[in-house]
Amino acid sequence: MTDHRLSAEYRRGVDAHATDRPVPDVPPERLEALAAGQLPEAEAAELMDQVMAHAELMREFELLRAIHRAGAKAAPAARWMVPAALAAAAVLAVVGTVLYRGAVRPEGPPLRGGAVQETVALVSPTDGARVPRPLTMVWRSVPDAARYRLTVIDQHGNAAFTGTTSDTTLIVPDSALHAGIPYRWWVETTVPAGVVRAAPERFRLTP
Amino acid sequence: MTGSDMSRPAAARPDQRPTLSAALEGTITRFRRLILASGRRHGLSEADVDEVMQEVRIRLWRNRGDVDALAGLGASYVHRTTVSAAIDVLRRRRARRTGRDATEQLSPGLPAGGIDPARASERRELSARVYDAVGRLMPSRRPVVRMHLAGYDRREIARALNCSDGKVRNLLSRGLADLRRLLADEGIGPEGMA
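Residue numbers (this note's numbering), protein chains in the order written: chain H, 1 to 207; chain S, 1 to 194.
Any given hint might turn out to be false.
[Unchecked claim] If you anchor each label on the Cβ, the simulated ranges turn out as follows:
| no. | chain 1 | residue 1 | chain 2 | residue 2 | range |
| --- | --- | --- | --- | --- | --- |
| 1 | H | Pro173 | S | Arg96 | 48 to 54 Å |
| 2 | H | Gly194 | S | Arg96 | 31 to 37 Å |
| 3 | S | Arg181 | H | Arg21 | 49 to 55 Å |
| 4 | H | Lys73 | S | Arg96 | 27 to 33 Å |
| 5 | S | Ala128 | H | His178 | 45 to 51 Å |
| 6 | S | Gly135 | H | Thr165 | 52 to 58 Å |
| 7 | S | Ala128 | H | Arg197 | 47 to 53 Å |
| 8 | S | Arg94 | H | Glu43 | 19 to 25 Å |
| 9 | H | Pro182 | S | Arg181 | 52 to 58 Å |
| 10 | S | Ala184 | H | Pro173 | 54 to 60 Å |
| 11 | S | Gly26 | H | Pro22 | 39 to 45 Å |
| 12 | H | Glu41 | S | Arg96 | 32 to 38 Å |
| 13 | H | Asn158 | S | Ser121 | 30 to 36 Å |
These are computed hints drawn from the structure, not numbers from a lab.
All values derive from a computational prediction rather than experimental measurement.
Ideal placement from N, C-alpha and C gives every residue a C-beta, glycine not left out.
Working from the sequences, and respecting the hints, build out all of it.
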């Protein structure tokens with residue numbers, strides 16, 4: 001039987017089972033991690049086995065996968081701007097530290113309309129980006145924050161790098177991270193209202 | 001329409017309709033096109049995407065004070081908002097589905113009309129046996145074969161399973177050979193059932 005015929009029969013089988021078998025309870029967040037390619041290989045294989053056997057899970061997976069693919073495709077449009085922004089942030093940071101010693105701090109555009117900032121806005125690397133060395137992490141300043149703590153973890157959840165700074169940019173030493181490994185990073189800070197933390201974002205270093 | 005639907009900004013009169021900045025709206029429209037282009041080959045439903053993007057617009061509108069400030073982040077910001085919106089859409093849909101399933105269980109299934117019953121039965125049996133045979137493959141080969149039969153190419157499989165293209169090629173080739181052998185043992189050859 002040809003691949004094409006096998007495929008057609010298999011899909012018909014999946015559709016037929018949609019009516020007589022309950023859909024496994026896979027949390028949407030886990031499905032999203034699978035669609036983003038964030039799960040370790042063994043875990044991804046086990047979950048994918050379930051997903052590709054149920055029509056409804058396949059449909060949900062495809063929606064999330066397409067969103068992530070769109071995110072990856074949309075990123076290159078802005079990629080040329082990222083180095084420019086990084087360079088500008090780095091220059092500002094160096095100039096600010098050396099010449100004005102705490103008087104100048106690079107900041108993003110202010111939040112309008114008296115909005116309450118509930119998180120730290122990460123600027124670069126953007127989520128899912130593949131970035132070259134030297135790795136410069138950039139985020140937006142948070143009002144009333146004195147110091148920021150940056151954390152980078154690897155795919156197993158182990159801390160690969162942590163650092164604190166009063167600035168909104170931090171250069172990660174080349175030896176701290178390895179190319180090709182999926183990392184997640186976030187920044188947190190303490191303000192009078194409590195701890196403010198960014199949602200983790202993913203990146204990889206290019207060789 | 002549910003109570004929460006009625007509170008959506010989209011239900012407002014035209015002269016009160018919320019608007020996002022043109023740049024942000026352009027980013028959303030472009031992002032929607034990219035999603036559809038990525039999922040078209042795999043039968044992604046345009047209605048699903050539109051439901052998610054509508055949720056994205058609502059979220060951005062509700063947070064428009066922040067959005068105006070963060071519009072410079074563009075696609076990355078819209079991407080993260082879309083992922084979060086999609087998860088919520090799926091969660092709501094599952095809740096609706098649970099209620100519907102309970103109702104449907106009360107109604108007996110009706111036979112399909114307009115198809116030769118013998119032929120339809122044979123087709124159903126063949127597809128059921130292919131589906132069952134896939135389920136009997138070695139666990140390491142099964143997800144790769146399932147993805148392949150569902151229409152994903154090797155690169156897409158490797159990306160989703162976090163493994164190399166070479167490994168996918170190997171597992172797929174062995175998995176498909178196993179599948180054909182299992183089907184042959186049941187009398188299912190190149191032409192279908194004997």
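For this session: Could you check the hint for me, namely that S/Arg181 and H/Arg21 are 49 to 55 Å apart, CB to CB?
Result: Between S/Arg181 and H/Arg21, where Cβ atoms are some 26 Å apart, the hint is violated.
Problem set entry | Satisfaction of the hinted span 52 to 58 Å by the C-beta atoms belonging to S/Gly135 and H/Thr165 | This hint holds: roughly 53 Å between Cβ atoms.
Exercise. Does the Cβ pair S/Ala128, H/Arg197 satisfy 47 to 53 Å?
Worked result: Between S/Ala128 and H/Arg197, where Cβ atoms are some 50 Å apart, the hint holds.
Problem set entry | Outcome for the supplied range 31 to 37 Å, where the beta carbon pair is H/Gly194 and S/Arg96 | Given a distance of about 36 Å, which is inside 31 to 37 Å, the answer is holds.
Exercise. Falls inside 45 to 51 Å, the C-beta gap from S/Ala128 to H/His178?
Worked result: 47 Å, holds
Exercise. Okay, H/Asn158 versus S/Ser121 on CB: inside 30 to 36 Å?
Worked result: The hinted range 30 to 36 Å is violated for H/Asn158 and S/Ser121, with Cβ atoms some 55 Å apart.
Exercise. That 39 to 45 Å hint for S/Gly26 and H/Pro22 (C-beta), does it hold up?
Worked result: Check passed, 42 Å falls within 39 to 45 Å.
For this session: Check the following: the C-beta atoms of H/Pro173 and S/Arg96 are separated by a distance inside 48 to 54 Å.
Result: 50 Å, holds
Problem set entry | 27 to 33 Å as the expected CB spacing between S/Arg96 and H/Lys73, which holds or is violated | Given a distance of about 31 Å, which is inside 27 to 33 Å, the answer is holds.
For this session: Take the C-beta atom of S/Ala184 and the C-beta atom of H/Pro173, compute their distance, and say whether it sits inside 54 to 60 Å.
Result: 58 Å, holds
Exercise. Do the Cβ positions of H/Glu41 and S/Arg96 conform to the proposed distance bound of 32 to 38 Å?
Worked result: Since the Cβ atoms of H/Glu41 and S/Arg96 sit about 34 Å apart, the hinted range of 32 to 38 Å holds.
Exercise. Is the gap between the beta carbons of H/Pro182 and S/Arg181 within 52 to 58 Å?
Worked result: Since the Cβ atoms of H/Pro182 and S/Arg181 sit about 36 Å apart, the hinted range of 52 to 58 Å is violated.
Of the hints listed earlier, those the structure fails to meet are numbers 3, 9 and 13, in rising order.
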